[in-house]
Amino acid sequence: MRKPCCDKQDTNKGAWSKQEDEKLINYIQKHGEGCWRTLPQAAGLLRCGKSCRLRWINYLRPDLKRGNFAEDEEDLIIKLHALLGNRWSLIAGRLPGRTDNEVKNYWNSHLRRKLMNMGIDPKNHRLGITKLPRPQSPHKYSNTSATSSGSKVPAANKKNPAVKSRCDNDQVSDAGSCLEDEPCGQLIPDLNLNLDLTINISVPNSVAKVEEEQNHKECNISKDLEFSPSPTLVLFR
DNA sequence: AAAGTCCTCAACCGCCTGGCC
DNA sequence: CGGCCAGGCGGTTGAGGACTT
Numbered sequence: 001m002r003k004p005c006c007d008k009q010d011t012n013k014g015a016w017s018k019q020e021d022e023k024l025i026n027y028i029q030k031h032g033e034g035c036w037r038t039l040p041q042a043a044g045l046l047r048c049g050k051s052c053r054l055r056w057i058n059y060l061r062p063d064l065k066r067g068n069f070a071e072d073e074e075d076l077i078i079k080l081h082a083l084l085g086n087r088w089s090l091i092a093g094r095l096p097g098r099t100d101n102e103v104k105n106y107w108n109s110h111l112r113r114k115l116m117n118m119g120i121d122p123k124n125h126r127l128g129i130t131k132l133p134r135p136q137s138p139h140k141y142s143n144t145s146a147t148s149s150g151s152k153v154p155a156a157n158k159k160n161p162a163v164k165s166r167c168d169n170d171q172v173s174d175a176g177s178c179l180e181d182e183p184c185g186q187l188i189p190d191l192n193l194n195l196d197l198t199i200n201i202s203v204p205n206s207v208a209k210v211e212e213e214q215n216h217k218e219c220n221i222s223k224d225l226e227f228s229p230s231p232t233l234v235l236f237r
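Going by this note's numbering, 76 is the number at position 76 of the first sequence; the sequence numbering is gapless.
FYI, nobody ran anything at the bench for these hints, they're computed from the structure. Please note that the accuracy of each hint is not assured.
Heads up, simulated BS3-like pairs for lysine-lysine below, C-alpha to C-alpha not over 25 Å straight-line [said to hold, decoys possible]: (1) Lys65 x Lys23; (2) Lys13 x Lys104; (3) Lys23 x Lys13; (4) Lys65 x Lys104; (5) Lys50 x Lys18; (6) Lys30 x Lys50; (7) Lys30 x Lys65.
Beta-carbon label-pair distances, calculated as ranges [as the list claims (entries may be wrong)]: (8) Tyr59 x Arg37: 18 to 24 Å; (9) Leu127 x Gly44: 52 to 58 Å; (10) Ala15 x Met118: 33 to 39 Å; (11) His31 x Asn117: 46 to 52 Å; (12) Ser17 x Gly119: 44 to 50 Å.
Even glycine gets a Cβ: it sits at the ideal position worked out from N, Cα and C.
Whole structure, please, built from the sequences with the hints as guidance.
Below you can see the structure in the form of structure tokens.
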């Protein structure tokens, strides 16, 4: 049995308070990121290091762009997901100001359903799945946002393991491996050839630096993602 | 107005990886 | 080479809120 990352007895869990946020921000502004294991004690926080890291990366970082995803961001996520599968950190690395958690949540709550409603299998980005049936009664949730025009996953799936296991197939994408393992004959359009995996957003220096580091990490994949400059981000429209 | 249903997203969990000794 | 540790990642959970009945 792996030992826990920290002494759970002495740590807070759940939502962060404003005071905790302030402590974390103040500490990182003074000392910078890093050494997450010792940070909580040094900063006077009753949290485990992982929790601090997550809070900072997903919520407190000053370079985060919060709010709705733009259409070009949506398109880019879809394209990248078709290439990379559920590699959320890589996908987020190409979206300035977005975190892997945010991209993952947005995919699961909006984009996955959007694709399904277009008859596209979000697992492998192929045409041919039958659209989900609309809820039996007209329901506002079936049209909650501009990006999710359709039916919802029954909430029972959350609680009912039998149903959940079926729906898990939708959640666990293997698009990346699909592309590696077999030719995606029906992939639409030919994503590997026509993608423009860039986004025209002015990037603050700090973000650019993060991106640069990220790009360095993903060097092998980056090679695959170098596309000729295409003026458009048109996909599935 | 109350109860029920469903969605969103912040946060947690456990595994994996790479660096160091 | 093998073990340990810290950081990173993807999957999952659940509280809170929006909305319907």
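Quiz item: Taking only the CA atoms, is the gap from Lys30 to Lys65 under or equal to 25 Å?
Solution: With a Cα-Cα distance of about 23 Å, the restraint between Lys30 and Lys65 holds, given a limit of 25 Å.
Quiz item: Does the Cβ pair Tyr59, Arg37 satisfy 18 to 24 Å?
Solution: holds (20 Å)
Quiz prompt | Assessment of proposed distance window 33 to 39 Å (beta carbons of Ala15, Met118) | solution = For Ala15 and Met118 the Cβ distance comes to about 36 Å; the hint holds.
Quiz item: Holds or violated: are the alpha carbons of Lys65 and Lys104 at most 25 Å from each other?
Solution: holds (15 Å)
Exercise. Below or equal to 25 Å on CA atoms is what counts here, so check Lys30 against Lys50.
Key: holds (19 Å)
Quiz item: CA of Lys65 to CA of Lys23, is that 25 Å or under?
Solution: holds (22 Å)
Practice problem: Could you grab the alpha-carbon distance between Lys13 and Lys104 and see if it respects the 25 Å cut-off? | Solution: holds (22 Å)
Self-check item: Distance restraint evaluation - Leu127, Gly44, Cβ atoms, bounds 52 to 58 Å
Solution: Check passed, 55 Å falls within 52 to 58 Å.
Quiz prompt | Supplied distance hint 46 to 52 Å, evaluated on CB atoms of His31 and Asn117 | solution = holds (47 Å)
Self-check item: CB-CB spacing for Gly119 and Ser17 relative to the 44 to 50 Å hint
Solution: holds (45 Å)
Quiz item: Between Lys50 and Lys18, is the straight-line Cα distance small enough, at 25 Å or below?
Solution: Status holds; Cα separation ~18 Å.
Exercise. Please work out if Lys23 and Lys13 have their alpha carbons no farther apart than 25 Å.
Key: holds (16 Å)
Violated hints: none; the structure is consistent with every hint.
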